[in-house]
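> Could you build the full structure based on these sequences and the hints that come with them?
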Amino acid sequence: MPVDVPPAVPAALPKGGPILTRAECAERVLALIAKAQRLPLQRLTPQTTFAELEIGSLDAINLVFVLEDEFGIVVPEHQMNFQTVGEVVSAMQAHLCGPLPTADDKPEPAA
Amino acid sequence: MPAVAVTGLGAVTAFGLGVDSLWQGLLQGRSAIAELQRGASQHLRMTMAAEVTAYRAEDHLADRDFNELDRFAQLALVAGREAWRHAGLLQQQPPPQAVAVVSGSAVGGKESEDAGYARLYGEGRARASPLTVPRAMAGAASSRLARELGARGPCASHASACAASSHAIAHAALLIASGRAEVALAGGSEAPLAQGHLLAWDALRVLSPSVARPFDRARDGCTLGEGAAYLVLENANRARARGAPVLALLAGVGESCDSGPLTSPDAEGAARALRAALADAGVAAAAVDYVNAHGTATLLNDRAEAQALRAVLGQRVEAVADRAEPGCWVSSTKGAHGHLLGAAGALEAVITVLALHHGIAPPNVGCREADPACGLRIALQPQPQRLQVALSSTLAFGGLNIALCFVAAR
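Going down the list, the protein sequences come from chains R and H.
Sequence positions in the first sequence follow the numbering used here and run 1 to 111.
Sequence positions in the second sequence follow the numbering used here and run 1 to 410.
Calculated from the structure, these hints are not laboratory results.
No experiment lies behind these values; they were computed from the predicted model shown.
One or more hints might be untrue.
Unchecked claim - Facing chain H, from chain R, some residues (calculated, C-beta under 8 Å):
| no. | residue |
| --- | --- |
| 1 | ARG28 |
| 2 | PHE50 |
| 3 | LEU58 |
| 4 | ASP59 |
| 5 | ILE61 |
| 6 | ASN62 |
Glycine residues also receive a C-beta, built at the ideal position from the N, C-alpha and C atoms.
Encoded structure:
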């Protein structure tokens with residue numbers, strides 16, 4: 001039975017422009033990682049590696065699953081090899097906020 | 001078979017977490033069957049089930065268990081821990097290589113599978129969750145339990161339908177009797193209340209539209225339940241040497257196959273398993289004091305099982321007025337805790353050990369008027385009596401029959 005594959009276009013990105021600022025996106029991604037892996041938010045910095053967090057390969061793919069569900073997007077297979085928290089955040093920002101910061105974007109808070 | 005000591009018990013049932021809630025519920029003659037919540041759907045004809053409502057995952061799981069374990073393996077973890085603690089083995093850790101874990105589940109991680117299929121076929125998603133396989137695999141419970149105990153000896157899982165955990169107990173007993181392991185955690189778990197799976201059971205037309213009433217004249221089918229039950233089996237000399245309280249001895253195992261149709265019971269096959277268990281234990285039929293019957297409350301099962309019990313145990317097990325000698329009580333406890341499918345045999349083995357240990361035959365909850373066509377001496381009330389020998393009988397789809405013969409440790 002053929003299964004309709006949704007196009008690799010971020011559903012959350014409306015025609016008029018991104019609905020999430022980069023900071024909002026980062027905040028939501030970190031919260032989702034913390035919840036999915038039952039980790040305290042404070043442990044998550046852009047540099048934190050999955051190895052440090054003991055996130056195994058299946059858990060990492062599962063994380064992509066969780067993010068896809070949350071944002072209504074499809075992450076292509078070749079983009080799934082995340083090693084750090086920062087890589088996940090950047091990838092989600094690319095999907096949801098467009099490739100570059102927009103003029104409307106607030107500056108990211110200094111972590 | 002050289003007798004194997006039972007030194008610990010654990011159970012998670014619709015009565016609650018722990019063996020105590022189960023035994024108290026049984027002695028009160030209560031049923032834990034209630035209106036179905038998990039997996040309920042408007043398309044189901046069944047409306048009742050024995051659900052484990054007392055379980056809260058947050059109280060029992062390590063962080064990574066939340067992603068990795070289906071409900072059936074989670075319930076196994078809780079019941080297995082209880083049995084291990086009960087046996088005093090947290091304080092007296094056996095050598096890791098001497099510990100076996102053998103578990104049974106007929107259907108495995110059905111809730112995880114069901115959720116995965118709902119995404120794929122219902123929502124039209126393209127990808128399945130990468131955690132579906134570890135969650136759904138029927139061997140997850142025994143492997144997670146082995147990790148919990150630090151067990152490095154034999155670790156195996158049985159999936160032989162409703163006989164799965166009886167086969168697991170038999171396997172573990174034989175490992176100990178043959179010297180391949182010194183201690184074993186043996187039992188089973190099941191969490192079958194997933195919508196798609198329940199619809200499949202509904203289609204079989206063996207489920208009661210109300211509640212299971214085993215051996216009752218007006219019985220109309222079985223009621224599904226979820227839960228887990230484990231026994232710690234131990235080399236009897238080892239158990240005595242470490243001063244462990246021995247709850248009962250598993251003295252004999254009898255197995256047979258009908259070699260016939262997959263879904264209809266055969267009294268002759270059931271009788272062969274019962275006789276084999278008695279022969280293995282070196283116990284005469286006239287010595288049996290209590291039988292925990294499979295008693296699913298379907299018309300066919302209970303009739304065939306009764307025929308087998310009468311054939312093997314004779315007058316002792318028959319409903320006779322004005323009996324001279326004490327005789328043998330029979331009860332199916334499925335009207336109380338539901339039919340746990342692959343975990344049924346282990347749960348009923350736990351109950352059989354409790355019966356011997358406390359000297360009380362538990363009641364056949366749900367039976368109001370014993371079916372004269374079955375003609376069994378059904379314990380309608382708890383029956384306090386000195387119990388020396390008890391059988392736990394399990395009959396399963398696939399024409400599988402298995403009986404475990406326990407004797408009191410006194």
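> State for each hint whether it applies.
Tested hints:
1. The restraint placing R/ARG28 at the interface with chain H is violated, with a minimum CB-CB distance near 20 Å, outside the 8 Å limit.
2. At a threshold of 8 Å, the smallest CB-CB gap from R/PHE50 to chain H is about 13 Å, leaving the interface hint violated.
3. Among the interface hints, the one on R/LEU58 holds; its C-beta lies about 5 Å from the nearest C-beta in chain H, closer than the 8 Å criterion.
4. Because the closest C-beta pair between R/ASP59 and chain H is about 6 Å apart, less than 8 Å, the hint holds.
5. For R/ILE61, the shortest C-beta to C-beta distance to chain H is roughly 4 Å, which falls under 8 Å, so the interface hint holds.
6. The closest approach between the C-beta of R/ASN62 and any C-beta of chain H is roughly 5 Å, which is under the 8 Å cut-off, so the hint is satisfied.
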